[in-house]
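So the sequence lines, in the order shown, correspond to chains A and B.
full-length UniProt numbering applies: residue 1 is where the first sequence begins, and numbers increase by one.
full-length UniProt numbering applies: residue 1 is where the second sequence begins, and numbers increase by one.
Bear in mind the hints are in silico, worked out from the structure with no lab data behind them.
Errors might be hidden in some of the hints.
[Claimed, not checked] Label pairs and their computed distance ranges (CB to CB):
#1 A273/B with A348/A: 38 to 44 angstroms
#2 R267/B with R34/A: 55 to 61 angstroms
#3 A349/A with D250/B: 31 to 37 angstroms
#4 G314/A with G61/B: 49 to 55 angstroms
#5 D304/A with R74/B: 50 to 56 angstroms
#6 A66/B with G278/A: 50 to 56 angstroms
#7 M1/B with R145/A: 56 to 62 angstroms
#8 D243/A with H300/B: 24 to 30 angstroms
#9 G302/B with A348/A: 20 to 26 angstroms
#10 M1/B with R194/A: 41 to 47 angstroms
#11 D230/B with A349/A: 25 to 31 angstroms
#12 A324/A with A193/B: 47 to 53 angstroms
#13 R295/A with H300/B: 40 to 46 angstroms
Just so you know, even glycine gets a beta-carbon here, dropped at the ideal spot from N, CA and C.
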Amino acid sequence: MLAKPSESCNTVEVYGNDIPGLLGEVEAAETALREAAARDTEAAHGEAAYFDAVIKADQKIEPRDWMPDSYRKTLIRQIAQHAHSEIIGMQPEGNWISRAPTLKRKAILLAKVQDEAGHGLYLYAAAETLGVSRDELVELLLAGRQKYSSIFNYPTLTWADVGAIGWLVDGAAIVNQVPLCRCSYGPYARAMIRICKEESFHQRQGFEILHTLSHGTEAQRAMAQGAVDRWWYPSLAMFGPPDADSTHSAQSMAWKIKRFSNDELRQRFVDMCVQQAGVLGLTLPDPDLRWNEERQAYDYTQPDYDELMRVIKGDGPCNRQRMAHRRRSHDEGAWVREAAAAYAKKRAADA
Amino acid sequence: MNVDRLLGFGDDALVAAQRLAEWHASSPEMEEDIALANIALDQLGAARLLLTYAGEVEGRGRDEDALAFLRDDREFRNCLLVELPNGDFATTMAKLLFLSAYQLPLYTKLAGLSGHENAGRLAGPPHRDDAGRLAGPPRREDAGREDASRADAGSAGPPHPEDAGLADSAGPAGPAGGGDAGPAGSGEGERLAAIAAKARKESAYHLDHSAQWTIRLGDGTEESHRRMQDAVDALWPYTHELTSGEVSRDEWLSIVEPVLAEATLDRPADGWAPGGGRSGVHTEHLSYLLGEMQVLHRAHPGARW
Ligand SMILES: [Fe+2]
Ligand SMILES: [Fe+2]
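This is chain B alone, in the form it adopts within the complex:
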């Protein structure tokens, strides 16, 4: 696998995580603060694995942090969609719907699984509890939380079984780690497949979450319908960039169109199709996002944290 493509996958996840985390303590409901943090943690976890792997394949001794904090915007390979500002909650949900409708089939392919296994979900309407609140997003004890807070804190808790094969890859890449391995050997293919298999399950949850909100908002009040339609319209052009590679337009539409229909939203016409992210030509927004993300790391060259 070409390093630029790997960086593209990792950068999509990293920039998406950075944007989603901006919602902390600002969500419309407390339950949603937890759900968005979950999704941001998933994206961040996938980004760490993918960037670590990209750094090893590249063979120049760059670990996840060197790639995240020491590249300039022109070296980032993420799609434009993820770097766009969060906007209102409808915009954030439309971004997440479009992104996860791409990431799910992408990771499914990279994991070496067949397409129909995408269909994990989209059953029934959103559930609410008796109080009319959204049924609490489960605070999942896996992925980012387990890796991040539990294991790192020296907890004796058992490692999550799914993480087993990936545990070693989560740390910084040893300089010798990938330099001698040729690109896309079968061992490497398995490594990427393992990362994708884990990320794929998370993407199914992201798709579910964003689809449910798109439906609720589209079919909620007049105001929410208007906001949701505006968000879908404004972001639609940026989705063409997603479907110019591993995932076909038809595959992507087969996930998104039924959600829009159930949400009583119009599917926008295709037209303007901005791109450039995959070759490092971004919107004006990315440089600011990176400026904030990288400021501390860059202020202390060589420091350990």
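Isolated chain A (complex conformation):
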């Protein structure tokens, strides 16, 4: 099970104790990573046997190691989708940079969107260790042959959406990604450790935006509640289809790419949010949300998985807009990239 928070933190009262707890897990994963590297791998004969032994011993597979083709493909698909999500995810939040209500908020948001670009780069670099280039992956995204998180196909209609994304979307991302810090593929695990630390800032900033709004004017409060109402179910859907319908799960679990099922992570997220919504003074839009003494967890209404499937297939409110923006930026930058390459070639010829 996910570890309980151990250390105390001066932000606990404001933010609830789950995020610091999850951060403790990031630290633990970092330590485990170092320990695994130091441990002596038993001599396993044959490449496949070595792979199995490493997985079994909770050690890391590294780029030079042999790995089953399907393990490589699964990782490429997953890491690329994750990288694409960071890059496409810049759009909905970036939508409010120009209109941020104070200069300080503008700076925080700009820095956050910049962080996401950095996450994209770490992740493409991790994928490249599997023998695929970033340019190839970007082509696959632009051709619609690889996906990004469906959450970014929803619009950011008010300033409060920036808060709701930070709180709920970055919050869900953290819950999803903390276990990935222990993923069996070394470069991915290391990228996730770095990214999780930054995502926790984003989550706190989002929480703080909503907290300010919910304690502000009537109009601000309504803005905050409206944003939470719109982002709640799409955030729950970020954890993917229910376990019964999840196609990739079992094998990924066996390979220790994935450590918890979609439904386990979703439950953890719900339990975390209920407490924080209380601190915010905002309501989660689920009349059936209630504590279940027996399960020691909240019962909640599932997101509309038919809607999730429609959005994944391309019919969300903003799919077309997001992809058109990405393609336009890519196309309009082509002459710049060509010029940079031509210049580098000339200089190399000079040398």
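For this one, chain A is given, so just place chain B with the ligands on it according to the hints.
Chain B with the ligands alone, transformed into the frame defined by chain A:
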């Protein structure tokens, strides 16, 4: 220092930040998204310090947000160059080259440093990594990022040493903060010098970044050369306004001309020299820029964010 001049410095930085931030998620390369966000954050950080200071010197209780969000275009004192639309990437780089070739010597003077300390850079050609990508612009952990995201998020991270003296000034000006201080006392001079000393280092990076791109594009392909020359030609007239105050034309040219030469670009002839920004007479573009920037703040008078 005259309040209008301080507003001019702050407004240049603010409007430049607003334009640069328009590039988010739209740059030619992912690395460039990060670099442009860095530069926008630097400009925004400088704008906040300068406007806060201007508000205190003015003594009417206006903080950075009152100055940024509640003035109309006629009250803005920025130069026309920064408010012009981004255009293509060549235009944006030419704007940044011209602006930073002004801001670097300006901040150097305001910091009380001598001119030759401008020369921090312009060494060697741009670096690329093995993959032929631009060597990643360092995501710098200082300035806007540290102030903005880390400190505000309640992070326990250590404050950046350079920010130490400025930390207090970054917040909203207390109404009592500047009203009683006479203009340009020596304490105030030091305050402006500290702001300029920090901004100057950032300007050196902006100049480096834009100069490298100007050279790459000027000496890249036929198309990039044409676009870069067009951008330089179109923007050149607006640079006269930059060099009508603290920074002389000669100083500015001594930075810009070698870059154009290395970029195999023609230095345009001097002629038409539009101005008016410093007295609040702007191009048609500024009002739209402010309309967008100010819309939310103005829709909720008196609200906290
Ligand atoms: Fe991210
Ligand atoms: Fe994030």
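Status of the hints after comparison with the structure:
1. Distance hint check: the CB atoms of A273/B and A348/A are about 41 angstroms apart, consistent with the given range 38 to 44 angstroms.
2. Between R267/B and R34/A the Cβ separation comes to about 57 angstroms, which falls inside the hinted range of 55 to 61 angstroms.
3. In this structure, A349/A and D250/B meet the distance hint of 31 to 37 angstroms, their C-beta atoms being roughly 36 angstroms apart.
4. G314/A and G61/B have their C-beta atoms about 53 angstroms apart, which keeps the hinted 49 to 55 angstroms range intact.
5. A hinted range of 50 to 56 angstroms for the beta carbons of D304/A and R74/B is consistent with their spacing of about 51 angstroms.
6. Range check, A66/B to G278/A: about 35 angstroms between beta-carbon atoms, so the 50 to 56 angstroms window is missed.
7. For M1/B and R145/A, the hinted distance range of 56 to 62 angstroms is satisfied, since their beta carbons lie about 58 angstroms from each other.
8. At roughly 44 angstroms, the beta-carbon separation of D243/A and H300/B lies outside the given 24 to 30 angstroms, and the hint is violated.
9. Between G302/B and A348/A the beta carbon distance is about 60 angstroms. The supplied range of 20 to 26 angstroms is therefore violated.
10. At about 43 angstroms, the CB distance of M1/B to R194/A agrees with the hint of 41 to 47 angstroms.
11. For the pair D230/B and A349/A, the supplied restraint of 25 to 31 angstroms holds, since their beta-carbon distance comes to about 27 angstroms.
12. Here the CB-CB span from A324/A to A193/B is close to 48 angstroms, well matched to the stated 47 to 53 angstroms.
13. A hinted range of 40 to 46 angstroms for the beta carbons of R295/A and H300/B is consistent with their spacing of about 42 angstroms.
Checked against the numbered hints above, the structure breaks hints 6, 8, 9 and satisfies the rest.
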